[in-house]
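Chemist: Starting from the structure of chain U, add chain B where the hints point.
There are 2 protein chains.
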Amino acid sequence: MSSLPESIAGKTLAVLGGTGPQGRGLARRFAQAGFAVIIGGRNAMRSSEVADALSAEIGIGVAGTDNLTAATNGDIVLVVVPWEGHAELLTELKPALAGKIVVDCVNPLGFDKQGAYALPVEEGSATQQAAAILTDSTVVGAFHSVSAVVLEDPEITEVNTDVLVLGDDREATDTIQALADVIPGVRGVYGGRIRNAHQVEALTANLISINRRYKAHAGIRATDI
Amino acid sequence: MSSLPESIAGKTLAVLGGTGPQGRGLARRFAQAGFAVIIGGRNAMRSSEVADALSAEIGIGVAGTDNLTAATNGDIVLVVVPWEGHAELLTELKPALAGKIVVDCVNPLGFDKQGAYALPVEEGSATQQAAAILTDSTVVGAFHSVSAVVLEDPEITEVNTDVLVLGDDREATDTIQALADVIPGVRGVYGGRIRNAHQVEALTANLISINRRYKAHAGIRATDI
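Protein sequence lines correspond, in order, to chains U and B. The numbering used here applies: residue 1 is where the first sequence begins, and numbers increase by one. The numbering used here applies: residue 226 is where the second sequence begins, and numbers increase by one.
Next up, chain U with everything else stripped away, as it sits in the complex (with noise of 0.2 Å):
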């Protein structure tokens, strides 16, 4: 990992809510890319089984635990949670994550048969409901539309899309971007400040319009840049 820059070289990866297919998906990308990571879940157990699977597909050991001791562990900390439960795990794990960049991926949406919509978010989107929570760490949105079957789909060895990074430090911005750098395809671009990251998180229901429209797996670009 010599030519990553410092700031994620040798970095360990935790994902929170790792077992889902985002957060699987963000697994074996950064796996792939030579980073420690550790899939966290509520049951370590089923986390293990996988990270076992994902081990034995890429080749590539990933761990799998409970999230408080993946939280425990990750320099890094990557949230793929069920927005559902946001608030409760990040308040159980603030300890955890203090002094460490925490990276909101949620999706706050509901879905009906008219398909996605953006729920509302008291602290306006699910990485201020984040950084309100986390003080003690720093707080960043992003990966939010990144596909996870392209992410999970192991012919597609370039991702392409941009990943918008939103936060309020720009070092902790700049480590995401390179951070996301790290995934064939994908270019970590700055995308704001955290109090611009709604619109950041509900564009995902505009892209399940899209792959429904276009019977697609959309992501985006931002151009001139």
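Accuracy of the hints is not assured; some may be wrong.
[Unchecked claim] Derived BS3-like pairs (lysine-lysine); straight-line CA-CA distance at most 30 Å:
#1 B:K338 <-> B:K440
#2 B:K325 <-> B:K236
#3 B:K236 <-> B:K319
#4 B:K338 <-> U:K100
#5 U:K113 <-> B:K325
#6 U:K100 <-> U:K11
[As the list claims (entries may be wrong)] So these bits of chain B aren't anywhere near chain U, every CB distance computed over 12 Å:
#7 G284
#8 D291
#9 A312
#10 A343
#11 D361
#12 P379
#13 T386
#14 D393
#15 A430
#16 D449
[Unchecked claim] If you want a taste of the chain U side facing chain B, the calculated C-beta under 8 Å gives, among others:
#17 T161
#18 L203
#19 A205
#20 R221
#21 A222
No wet-lab data here; the hints were simulated from the structure. In this text, all values refer to a predicted model and were calculated from it rather than measured experimentally. Positions of the beta carbon are idealized from the N, C-alpha and C atoms, including for glycine.
Modeler: Relative to chain U, chain B alone:
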């Protein structure tokens, strides 16, 4: 205009609030694509001056008048007014807009020294507000984040962005996608129902952040479609 889809061929386009940079830029590009374009504004004299200046610059006649006259004479009406006067103007023009496709292009944004941010909108978004007022029109949201600087730059022949088109009426969204497609480089992409318009409007704040950081005039592209 024989190669244009029937839904837009020969239509007159009204651009309400067309005296501002975004409206002027859209008027320019649609006039260049062969459409009859009427620029509307609060002040007919001012609109006429803007239209005359644009006509002289591009060598194509563009009309300028008050918003009511423009709304009355347009077959398809684009709303590019400041957010502050949005509800009031649409309420006033409701009878003139009846039976027409109204394309809301308005981004309800606030600005402070940290940049742009999304304003809360009671109806959810400018597009939804327009739909709530204009119950006799078919409201579509589109053209939210096409850079005015790019649209107005005569040196830029290809505008490198997708336009997300939001609406609940398939025929109307198809029509406005076709309209977006007439601007060289632009692709009209269905972006979901109007309940998902907020985040597309608000995303313009993120693009402003991107523009600041990268010294660019960013647009967005959906990938994999």
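Chemist: Each hint needs a verdict: does it hold in this structure or not?
Modeler: Verification of the supplied hints:
With a C-alpha separation of about 17 Å, the suggested pairing of B:K338 with B:K440 holds against the 30 Å cut-off. Distance restraint check for B:K325 and B:K236: the Cα-Cα separation of roughly 11 Å lies within the 30 Å cut-off, and the hinted pair is therefore satisfied. As the CA atoms of B:K236 and B:K319 are separated by approximately 20 Å, the hinted pair is consistent with the 30 Å bound. The suggested pairing of B:K338 with U:K100 holds, with an alpha-carbon distance near 28 Å, which does not exceed 30 Å.
Restraint check: the Cα-Cα separation between U:K113 and B:K325 comes to about 28 Å, which is no more than 30 Å; the hinted pair holds. In summary, the hint linking U:K100 to U:K11 is supported, as the alpha carbons are separated by about 11 Å, within the 30 Å threshold. Look at B:G284: its CB is around 27 Å from the nearest CB on chain U, clear of 12 Å, so calling it non-interface holds up. Every beta carbon of chain U lies more than 12 Å from that of B:D291, the smallest distance being close to 34 Å; the non-interface claim holds.
Against the 12 Å criterion, B:A312 stays outside the reach of chain U, whose nearest CB is about 21 Å from its own CB. Listed as outside the interface, B:A343 is inconsistent with that label: its C-beta sits roughly 6 Å from the nearest C-beta of chain U, within the 12 Å cut-off. With a least beta-carbon separation of about 23 Å from chain U, B:D361 lies farther than 12 Å from that chain, consistent with its non-interface assignment. With 12 Å as the threshold on Cβ separation, the claim that B:P379 sits away from chain U holds: the shortest Cβ distance comes to roughly 17 Å.
B:T386, annotated as away from the interface, has a beta carbon of chain U within 12 Å; the closest lies near 6 Å. Not every beta carbon of chain U lies more than 12 Å from that of B:D393, the smallest distance being close to 9 Å; the non-interface claim is violated. The Cβ of B:A430 does not lie farther than 12 Å from every Cβ of chain U; its closest approach is about 5 Å, which violates its non-interface assignment. At roughly 4 Å, the least C-beta separation between B:D449 and chain U is not larger than 12 Å, which violates its mark as non-interface.
Hint on U:T161 holds. Least Cβ distance to chain B is approximately 6 Å, under the 8 Å limit. Annotation: U:L203 was flagged as interfacial toward chain B, and the flag holds, the nearest CB pair being 5 Å apart, inside 8 Å. Interface restraint check: U:A205 against chain B, minimum CB-CB distance 5 Å, threshold 8 Å, status holds. Satisfaction of the interface hint for U:R221 is found here, the shortest Cβ-Cβ separation to chain B being roughly 4 Å, below the 8 Å cut-off.
Annotation: U:A222 was flagged as interfacial toward chain B, and the flag holds, the nearest CB pair being 5 Å apart, inside 8 Å.
The structure is inconsistent with the numbered hints 10, 13, 14, 15 and 16, although it conforms to all the rest.
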